[in-house]
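Listed in order, the protein sequences are those of chains A, B and C. Just so we're aligned, residue 1 is where the first sequence starts under our numbering, counting upward by one. Just so we're aligned, residue 1001 is where the second sequence starts under our numbering, counting upward by one. Just so we're aligned, residue 2001 is where the third sequence starts under our numbering, counting upward by one.
Source of the hints: derived by calculation from the structure; they are not laboratory data. Predicted model, so just to flag it, every value in this text is computed and none were measured.
Below are the DSSO-like pairs computed for lysine-lysine, each with C-alpha atoms no more than 27 Å apart in a straight line: (1) A:42 / A:125; (2) C:2042 / B:1042; (3) C:2125 / C:2042; (4) C:2042 / A:42; (5) B:1042 / B:1125; (6) A:42 / B:1042.
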Amino acid sequence: MRPIVALLTDFGSRDHYAGAVKGAVLAACSEAQIVDITHEVKPQDIFEGAFALAASYRAFPAGAVFMVVVDPGVGTARRGLAVEAGGYRFVGPDNGLLTLVLQDHAGAALREITNPALCRREVSKTFHARDIFGPVAGHLAGGAPFDLVGPEARDPLMLPFPRARRELSGEWTAQVVHQDRFGNLTTSLNLADFQQILTQVNGDLRSIVGIAAGIVVPVVQTYSDVLEGEACALLGSSDRLEIGVNRGNAAALLGLGMGAPVRIRPARVVL
Amino acid sequence: MRPIVALLTDFGSRDHYAGAVKGAVLAACSEAQIVDITHEVKPQDIFEGAFALAASYRAFPAGAVFMVVVDPGVGTARRGLAVEAGGYRFVGPDNGLLTLVLQDHAGAALREITNPALCRREVSKTFHARDIFGPVAGHLAGGAPFDLVGPEARDPLMLPFPRARRELSGEWTAQVVHQDRFGNLTTSLNLADFQQILTQVNGDLRSIVGIAAGIVVPVVQTYSDVLEGEACALLGSSDRLEIGVNRGNAAALLGLGMGAPVRIRPARVVL
Amino acid sequence: MRPIVALLTDFGSRDHYAGAVKGAVLAACSEAQIVDITHEVKPQDIFEGAFALAASYRAFPAGAVFMVVVDPGVGTARRGLAVEAGGYRFVGPDNGLLTLVLQDHAGAALREITNPALCRREVSKTFHARDIFGPVAGHLAGGAPFDLVGPEARDPLMLPFPRARRELSGEWTAQVVHQDRFGNLTTSLNLADFQQILTQVNGDLRSIVGIAAGIVVPVVQTYSDVLEGEACALLGSSDRLEIGVNRGNAAALLGLGMGAPVRIRPARVVL
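Isolated chain A, as found in the complex (with noise of 0.2 Å):
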C-alpha cells in the first residue's frame, strides 16, 4: 500500500504553515500522499480539533498516518506523543487532542517523540509541526518501526470532554459539541448511549423523542423523513445524535450553537 499521511491543524489554509508541513513530510517520505483533513480548527481548540479527528479517522484504510496538530504549548515541555491504535498511527503534542481516539482503544501503544533521527535536522521552538511531528509522520508511514520514535510513554493528557448523561428520569441530557457548515448540531451523546437509549424503548424509534430550545423533535432515520424546513434528530454520520433541518438549517432555526443543552426522552416518560 501507498503510504497516507492525513493532516489535521489550526494552522488555516492562508498561511504557508500547512505547506510547510507537507514539505517536511514529503522531505522524509517522498511517496507519502498527502492528504488534508481540515487546516480550519478554531485556533488553538483543543476540543474542535479532537471531535474531528475522532468523526474522520475510521474512514481511512489501516495503515494511514494522521499528524494532529493543534498545539498552544508549543516550546514547553508538554511532550510529542505517537500512537499506535486500530492500526493506525497518530503523531502531535500531548494535549488531549488524542483523547477520543484514545478511548476508543484501550489497547493503544504510546510512544514519547524523543529520536532526533525522525525529526528535521533544525528544530525551532514554535513550529514542531514542520520540525517533529511531520517528519515523524512521514518517517512511520515510510515504514520506520513505530518503536524508534522513543521509548513508551505512560498517562498521556486526557481532557474532560462532555459526555451524555442518562437522569433517574430515565431522560438523557446531553450537550451541542459541534456546528457544521449546513447548520446541523452535533451532540455529546455518542453511539453507545444511543444503542441504551434504544434498548430502553425496544428498539422503536418512534418511542423517543429530543428536545432541544424547548422544542420537541422527532428522531428519525434521517433528514428527509421529516417535511423540509423541519427539524429532527438523529444518529449522525459521525455516530453521535445531531440535530438537524431538512434542507435547512438547525442552528439557525432553533437560535442553537455550541454548548446549547439537548435532551432525549423515552415515549414512557409523559410528555
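Could you slot chains B and C onto chain A? The hints should help.
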C-alpha cells in the same frame, strides 16, 4: 497512469467531512491521487456545483474520476449515478449536478449505483459521499469495470440552466451565473453562442460591445486590452463571456452580482 | 523520487481555478504528487505571495517544483519564467513573485518560458496557470530537461521588499510584513540581521528588546518564555523576527497590523 479522483463538494474545508470522504476513497483505492477541486460550493447550491465542474473537468487527463456531491436530498429516493463521458467518469447524486457535463456529451453512458460491493460496508442515511460516492469513485479509479456499478440508467435529472438568447434585433441577452474571487462576472453566454456572434460580425471583435448595468464595455481578448481600472467583456477561460476590470473588481465597480442581466450587441445595431 | 508539484496562488479555494490547474499539472505528469501550499494569497498581492513562498519552500525535499501564480498582468507582455535554484524549480510570471527566492540563490538559473510543447494545446489569454505554468511545472517534475523550457533569461523583475535597517544609534528599525491567523506579526528583520544584532550584544538575547506600538517586549526563544497573555519578540519559524503573545493574539493585543513599525534595541542603548 496513476488513478486520479477529483473531489467537488459543498462540505466546506472546516468540518471533517471532506477528510472522511478522502479516507473512504483511499480505503477503496489506496493508490489514488486525490485532488481537491473545491469543497466551498455554497451549501446545497447545485447550480454553483455544476458550473464549477463544467469549468474545470476538461483540464484533467482522460481517465480521471470526479466525485461530485452537493446533495440536499441525501437519504431520499434520489438515485446515485455513475457517468462515463469524454474519457472521464463522474460519480454523484442524480439531482442535476451533472447537467452541464451531460449536455457536453451526447453519447454519455449512465449507470445507477446499486452494487453494495463497491460501497462502504455500512451505509449511513446522511453521508453518501463517504459511504457510496467516494468508495465507488475509488473503485472505478482503481480499475473496477464501469458496468459493475449497477444497471443502465435513463433520464437523469437535468436542471434548467440559464442560457443566453438571441433576440430578434440581433442583440443577445444573458445573465451573470458566477462571480469569482477577483470580482469577474461569468455569464450564461457560452462558446457556441460567442462563435455565432462572431459570425454575425465577420469575426471582428471590435464590432461588438457588452452592456452591463447600463454601461457599454468593449469586447476584448484579455483584461489588459483596456486601461487599468476599466471594464471589459471577454471570452473567459471557462469558455463563457465574462465581465472583468483590468487589475480591478468588476462586481464592485459595476455593482453587479449573480443573476444580473448582460447584453451583447453587434455593431450593426445602432448604439 | 516521486515528482512533487507544490502550488501557491491567489485563486482562492471556492472557485474552480485551483482545481483546473491541478488537472493541467496531472495532464502533463500524471505521476505528480500535487501539494497545496495556499491558494488564499490576497488577490493580486505579489508581496504576500512572495513571502509565503520564501517561508515554506525550504521545507520541501530537493527536486520539488513550485508553481507560483499571483498574476495581475496575465495576458500582457510580462514574461513567464522557470528558475532552478537550491535544488528546486520554480515556475511563474516574471513580476517579482520570485524576488526573495532569487535573493537567496546567487547562482540561480533562469529560463523564459517559450516552448509551446510544454504548454497546453490551446493557451488562453487569461489563465496562464492552467495553460502554461501548470503544464510546464508538471513536465519539469516529470523529467523534462530544464533547458527545454526556453532561452536563458536575464534581469528578472525584482521588487523592493522592505528590509530592516540598522540606525546610527545601533537600534534596528523594521516593519510588519505578515500577520498570521494566530495574530503573530512577522517583520522585515531577517536571520542575517538577527545574527548581526546578536553579535552586537555578545549573543545574549536578554540584552535586546523589541518595541512595537510603543510597548517594550523581551526578545525570547519561544512564546512560553513569557507569561500567558504577555507579548514577546522572537526569531520565528520563517527565520524572521516576529511579535507574538503567549497563547494570545499579538495583532489584537497591540493593535498592530501590516506595515506597523517595530524596533529592536540592544541593551547598551539606555532604555
